[in-house]
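Novice: Position chains R and S against the provided structure of chain W, taking the given hints into account.
Here the protein sequences come in this chain order: W, R and S. The first sequence begins at 4 in my numbering and counts up one residue at a time. The second sequence begins at 7 in my numbering and counts up one residue at a time. The third sequence begins at 3 in my numbering and counts up one residue at a time.
Note that these hints are calculated values from the structure, not bench results. Please read all numbers here as calculations on a predicted model, not as lab measurements. Hints are not guaranteed to be accurate.
[To be verified] Ranges between beta-carbon positions, derived for each pair:
| id | chain 1 | residue 1 | chain 2 | residue 2 | range |
| --- | --- | --- | --- | --- | --- |
| 1 | R | Arg12 | W | Leu7 | 23 to 29 Å |
| 2 | W | Leu18 | S | Cys165 | 47 to 53 Å |
| 3 | S | Gly111 | W | Leu36 | 36 to 42 Å |
| 4 | W | Phe72 | S | Lys33 | 18 to 24 Å |
[As the list claims (entries may be wrong)] Computed footprint of chain R on chain S; a stretch qualifies when at least three of its residues, placed anywhere within it, have a C-beta under 8 Å from a C-beta of chain R:
| id | stretch |
| --- | --- |
| 5 | 54-66 |
| 6 | 127-136 |
Every residue gets a Cβ at the ideal spot worked out from N, C-alpha and C, and that includes glycine.
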Amino acid sequence: MWSLRRWIQSAATVLSNPYVLFPFTRNLYQGKLKSVCAPGLNCYSCPAATGACPIGALQTIFANVRPSFKAGNFHIGLYVLGLLGITGSLVGRMPCAWLCPFGFLQELIHKIPSRKIEIPHWMIYIKYGFLALFVILLPLIVVDGFGYGTTWFCKYVCPAGTLEAGIPILILQPQLRELAGWLYVNKIAILALFLVLMVFIRRPFCRIVCPLGAIYSLFNKVSVFRMVHHPDKCVMCKECYNGCPMGVKFYEGANQLDCIRCLKCMQESCKFYAISYEIAGLPVQEKEGRKKAITADQV
Amino acid sequence: MGQDKRKSGFLLLLLFLVVLVIGINAGEVATVWEKAVSICLACIGIG
Amino acid sequence: MCKKMIAGIMIVLICMLTGCSQDEAPPPSEKNLVVPIDVAGIEALLNTRDCPVMLVAMASWCAPCRAELPILQKMYEKYKDKGLRIIGISLDIGGPSAMQPLVDQMGLGFPVYWGGEAVTAKYSISAIPLTYVVKKGKIVEKILGQRSEDFIEGKIVSLLGECKE
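Extracted from the complex, chain W is given alone in its bound form (with noise of 0.2 Å):
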């Protein structure tokens, strides 16, 4: 039986992507939908979405940020950085467990049956710098001679972009197939690097590389919604870090950086009663019968 959570990222899949008029029209949704950015990592560029893609939006908006300047408009990415600060203010990380689609990608596929890998702590820090240089610093500064630069993260690296736009689009327009060249290859072999690693380990995307998680990321300690770890209670089982999806081990701390607040641990892995969750700093207490109680003392 799916958790309530599945519902929801199935629900969030789609109502990202409900343009089902792509394949007769073969072309993109161009109404003013567009110019809101889904919560998710979502290719604008994919036939069948109906918002932008927030990491799009905004590297498009710095790439272009000197000739906009020059025509007396100052666009500098404030509304895209308005929308994800509001979510990121009130719930953190949260739309990574529960919207994403790309997120939702890698947990059915981590379901293969495998024998799974953790990957070192410190990878999980690099995200931060695909952020800085692919999102920020490369759109900003590498322009060419008139002031333009260029989409760094969704050229070079985005497998998401690859899935959700790279391939329906060439299927759609068999005219571009011939306009593919190493740029393409290069994209195919990261998103199926990453189809790979997804098998054997959790959510890689998501902890190694996405500048939209590494954004969300800095929320978490500060947000509205916020996690809290029970020290008193845990009895440092570590059954929240084997359940994990982001392979979090919340017994260290609550609201780390890669914590998407899932809520599995609280809901699933967690006997004690260790773990539980607060709004604006009001707890929020599980009822206790909605769990087989098992407490500390009958272990």
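Specialist: Same frame as chain W, but now just chains R and S:
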């Protein structure tokens, strides 16, 4: 400290609401739409 | 932490300022002005009985477009006396002023108009650059994406072959 932490989320929320409104007033909504309705060929590895 | 952030912001600002200070080319005597056009205006331009027309949709922010435009200009100079007609349509949401600096700096000789959202919708433009080959008012071919010089020249030569009618 506890009080501060309780407030921090709301303060940030307020801050980013202001940021959002400034962005909307600067006309950034249309800019996002403009890029999002066209296939970014350079982004998907073509051209 | 804070110091590092300030340093980072400073670097970005310095780079932005130095990048902005490049000199602009002097304006040509006869300026090729980007002027607004509507769907009816485009139809009128295309509805001619003479040589085929290349209608090129573009935008200032589109990198493949900026890469292709100098090739189009080169072809235009080479074949305009043989009857080649190229019509550029800018889809920039910011109006004609967005494309104008590129037209000036590249010294484009063919006319570039500014079309709004209605033009994007009417010609179902999904990606740019997009070139429509138009004969006697009818779109006969759709070329999507940035093409090589050889491809464009081959296309033009074959088009001009039909120009004798």
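Novice: Compare the structure with each hint and give your call.
Specialist: To see whether the hints hold, each was checked on the structure:
Between Arg12 (chain R) and Leu7 (chain W) the Cβ separation comes to about 28 Å, which falls inside the hinted range of 23 to 29 Å. Taken as a hint, the range 47 to 53 Å holds for the pair Leu18 (chain W) and Cys165 (chain S), whose Cβ atoms sit roughly 52 Å apart. About 40 Å separates the C-beta atoms of Gly111 (chain S) and Leu36 (chain W), a value consistent with the hinted range of 36 to 42 Å. Under the hint 18 to 24 Å, the C-beta atoms of Phe72 (chain W) and Lys33 (chain S), about 23 Å apart, fit the expected range.
Chain R is given as covering the stretch 54-66 of chain S, and this holds because 5 residues of the stretch bring a CB closer than 8 Å to a CB of that chain, at least three being needed. Counting residues of the stretch 127-136 of chain S whose CB lies closer than 8 Å to any CB of chain R gives 4, which reaches the minimum of 3, so the coverage claim holds.
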